[in-house]
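Chemist: Sequence:
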Amino acid sequence: MARGDNGKKSVEAFSGDVITEVKAAEDSAAKDVAKAKERREQTVRKAQEKARAIREKSSADAEAVKAKSAAEANEKIAVEEKAIISDAQKEVESVRRKRADGKFVDAALESVMEDLNAAS
Numbered sequence: 001m002a003r004g005d006n007g008k009k010s011v012e013a014f015s016g017d018v019i020t021e022v023k024a025a026e027d028s029a030a031k032d033v034a035k036a037k038e039r040r041e042q043t044v045r046k047a048q049e050k051a052r053a054i055r056e057k058s059s060a061d062a063e064a065v066k067a068k069s070a071a072e073a074n075e076k077i078a079v080e081e082k083a084i085i086s087d088a089q090k091e092v093e094s095v096r097r098k099r100a101d102g103k104f105v106d107a108a109l110e111s112v113m114e115d116l117n118a119a120s
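Heads up, the sequence shown is in the working numbering, so the first residue is 1 and it goes up one at a time.
None of these hints come from the bench; they were simulated from the model.
Wrong hints could be hidden among the right ones.
[Said to hold, decoys possible] Computed list of lysine-lysine pairs in DSS-like fashion (alpha-carbon distance at most 30 Å, straight line):
1) 98 - 82
2) 82 - 68
3) 46 - 57
4) 68 - 50
5) 76 - 66
[To be verified] Per label pair, the in silico range of CB-to-CB distance:
6) 42 - 10: 44 to 50 Å
7) 58 - 29: 41 to 47 Å
8) 84 - 56: 51 to 57 Å
9) 54 - 112: 54 to 60 Å
10) 33 - 57: 35 to 41 Å
The beta carbon of each residue, even a glycine, is placed where N, CA and C say it ideally should be.
Generate coordinates for the entire structure from the input sequences, incorporating the hints supplied.
Modeler: Structure, rendered in structure tokens:
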């Protein structure tokens, strides 16, 4: 019987070792899963930060393009206005030269000229 007890103890010891190893493997696997989850969450956070930065940059770029377009349009309008005013002033001067007999100054032309000078 002594032999049977040793065998039983040996099986119990082996069984205990196996259980300890299984628990250690389970603990290690749980730690690995937790690490993987953390890495995934970090990757998601980084991707979200990149996406936010891209959206902000795109928004800023769009605003810059809008501002540049508005400035260019305003500049074009100003150039066209100056050309119109210049043409009108030339026309007024032409009419004045045609009436160069000095008998009268057309008050309406003078008023237009003053308005044009004030506008420029």
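Chemist: Can you tell me whether the CB distance of residue 84 to residue 56 sits inside 51 to 57 Å?
Modeler: About 42 Å separates the Cβ atoms of residue 84 and residue 56, which means 51 to 57 Å is violated.
Chemist: Do the beta carbons of residue 58 and residue 29 sit within 41 to 47 Å of each other?
Modeler: At 43 Å between Cβs, range holds.
Chemist: Using the beta carbons of residue 54 and residue 112, state whether their distance is inside 54 to 60 Å or not.
Modeler: Distance hint for residue 54, residue 112 holds at roughly 55 Å.
Chemist: Assess, step by step, whether the Cα of residue 98 is no farther than 30 Å from the Cα of residue 82, and give holds or violated.
Modeler: Given pair residue 98, residue 82 holds - Cα atoms ~24 Å apart, limit 30 Å.
Chemist: Holds or violated: are the alpha carbons of residue 76 and residue 66 at most 30 Å from each other?
Modeler: This hinted pair holds, its Cα atoms lying about 15 Å apart.
Chemist: Keeping to a limit of 30 Å between CA atoms, is the pair of residue 82 and residue 68 held or broken?
Modeler: holds, 21 Å
Chemist: Given the hint that residue 46 pairs with residue 57, does the C-alpha gap stay at or below 30 Å?
Modeler: holds, 16 Å
Chemist: Taking 35 to 41 Å as the stated bounds, is the beta-carbon spacing between residue 33 and residue 57 within them?
Modeler: holds, 36 Å
Chemist: Do residue 42 and residue 10 keep their Cβ atoms within the hinted range of 44 to 50 Å?
Modeler: holds, 48 Å
Chemist: Holds or violated: residue 68 with residue 50, Cα cutoff 30 Å?
Modeler: holds, 26 Å
Consistency with the previously given hints fails for number 8 only.
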